[in-house]
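If you read the protein sequences in the order shown, they are chains A and B. Position 212 of the first sequence, counting from 1, maps to 212 under this note's numbering, and the rest follow consecutively. In short: position in the second sequence from 1, add 1000, done, that's this note's numbering.
Keep in mind that a hint or two might mislead.
As the list claims (entries may be wrong) - To be clear about the criterion: a stretch of chain A counts as covered by chain B if any three or more of its residues have a C-beta under 8 Å from a C-beta of chain B, and this derived list gives those stretches:
1) 37 to 50
2) 141 to 150
3) 250 to 259
If you are wondering where the hints come from, they were derived from the structure by calculation, not from laboratory data. Every residue, glycine too, gets a C-beta built ideally from N, C-alpha and C.
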Amino acid sequence: MSRMRRNDLFWAGVFIAPTFLGLLLFYMWPVLRTLFISFTETGPFGGSEWVGFDNYAALAQDSALWSTLWNTVKFTLVALLGIPLALVLAALLSTPGLRGVKVYRVIYFLPVVTMPAAVGLIWRTLYNGEVGVINAILGTIGLPGTNWLSNPATALYAVAVVGIWLGLGTQIVIFLAAIQGVPKDLYEAAQLDGAGRVRQFWSVTLPSISPSIFFISVLAVIGALQTFDLIFVMTGTSNPAYPQTETIVAQFYQRGFVDNQQGYAAAIAFVLLVLIVAVTAVQFRLQKKWVHYV
Amino acid sequence: MRPARFLAFSAALLLGLTACGSGGGGDAADAESGPVTISYGIWDKNQAPAMQKIADEFHAANSDITVKLQVTPFKQYWTTLQTAATGGGAPDVFWMNGPNIKLYAGNGQLLPLDGAIKEGGLDLGDYPSALVDLYTLDGKTYGIPKDFDTIGVWYNKAIFDAAKVDHPTDDWTWDDFQATARKLTDPAKGIYGAAAPVENQAGFYDTIHSAGGHIISADGTASGYGTPEALHGIEFWTSLVKDGASPTVQQMTDTSPYDMFKAGKVAMIWNGSWAAGEYNGIAELKNTVDVARIPTGPKGSISVIHGLGNVIFAKTKHPDAAEKFVAFLGSKRAAEIQAEAGAVIPAFNGTQQQWVDSMPQFNVKAYIDEVADAAAYPVSKETKTWNALETEILTKVWTGEVAAATGLKELATQMDAALAKEQ
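Next up, chain A with everything else stripped away, as it sits in the complex (with noise of 0.2 Å):
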């Protein structure tokens, strides 16, 4: 190897140092660490002991594991129905020749940068069935309200709607990123044989972005199978409706914390892990399909 390489290598090295230790020591031995753990039984404070594959032949048996499975599941497609939303509102957004571009972008942004927790508490109020804005609202045009997040029926597209909300601000900046790197002789050319706005859209704009939609779709149904902060806030253990909106992250945490079975509750967590890693390569496989490269 010539000295010249070998000091590029020194160089790589440091400058790659930190990252993957990071990752080794934050990412990868916390998911060993919880792999072993799933593997023992362990005590109110500590101390543990191995019991093989028990955790997970209990959590066959365990109809909440199922019931919370179904949960998330449905929660994660209601929140994809956002991925629509914020590419009709950034096709909207990049109309040429829109004035106030950058205020919407604010606006659409701001739920973004605040704390879920804080934005959990103050739909909360929201959805209030007493004195929630939503239920004035629908009183005025004659409509009835309900207990939004206490009602078994409504709770969990409720706590959806807030997910697709909060996850909007992200989507339209990247679609809008997009949209904007298209190039524009092919609109023109599109022009040219006739095409309109909406058929420009179809044609255009939707195969040309499709990179960035498949790479929003799959970091949104992770995110989805993960919600575990909105549930947490808005909902609760004396919640009526808390069996329709319970997902796997929070039997997880009521395993792991409240009732302190972490061995259970890291059972739980690696069934979540095979079941993201599952989606993400069928959506991978998927791709090929209807995803351009250009």
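Mind docking chain B on chain A? Use the hints.
Positioned in the frame of chain A, the structure of chain B alone reads:
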């Protein structure tokens, strides 16, 4: 760079990091000689001023020991504490309650206090024996009783007077309560006669005992939820919800019934003696609300009694300072400070009258009168496991999703299974 060199480099970086980490906490070992600071973990911010006053007086007498209050809201207190204790970082001295004492003392997380009691000149005969027993495990005392609480019915005099209904008396009955709640309910004004939340201590524990039932058998091995008395005690509440004399569970989830009471939307609410200090401190409530004994059921007016204890973390770095502080917390003087603040009923016998006198406009004597008939607060080793079952199953009973009799059978079965696992 070769792998070996890369590894060496990484290791060096890691060592550098850990060196920084341990540098910060290096001065803890040589503590006992010089001035020390100990932490005192509590959860009630309403009591923080009284606790601070106790800490200040203690510091005045022991200038080398400073006590730092750590207030954690009750909702997170136990989760945080258990995590901290596992990591060795719990406060030196902290509040303990009945549901958790067996968990902590039984797992070696608390320092036995027999030494502190002897050196501090404390006499356990100065506290109600039910509370001393609560904090005794295998003949060792792990907590010094701090205060106690019983349950009363708070009512809004303004709502009673507007509806021309007589104020409750200390000898009223279940029927009186139910009739009053229905009479005061006024849907047009959005006023409910009573609030019936899914609440154990200030709720169904008291009615089940007043009906002649129990929550857990004396030996702690069997649930009492399967009995007809328990059903009677639960229906006391569910009938209020069913008849619209109480807000629904959904409404009480959206807006806490305790807030509804303070806002004048609920005429009567069951609440512990800890609420007296809070209501006394709210100018708008101070003269519009009052309290009565819980109504007399088939077997009497039986409130559960519970009390907090002050305990020392087993891994404290300053056991001597902590013992001195806990001894002071158990003293008559500390009880008097609590009594004057009116926050809670102090456990030290003979200081309760001062607490009653601190709020002359309230009938808080009712809380003290209840002690004679009171039932012990139900606990076991893993109390919170079946507490969670209570919440989960009874919420469904309250909403009507599950019939009361069916729900209670299910609760009894699951609680029995949980208790069997403890043995």
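Okay, the hints, checked on the actual structure:
| no. | hint | verdict |
| --- | --- | --- |
| 1 | 37 to 50 | holds (count 4) |
| 2 | 141 to 150 | holds (count 3) |
| 3 | 250 to 259 | holds (count 3) |
The structure meets every hint from the earlier list without exception.
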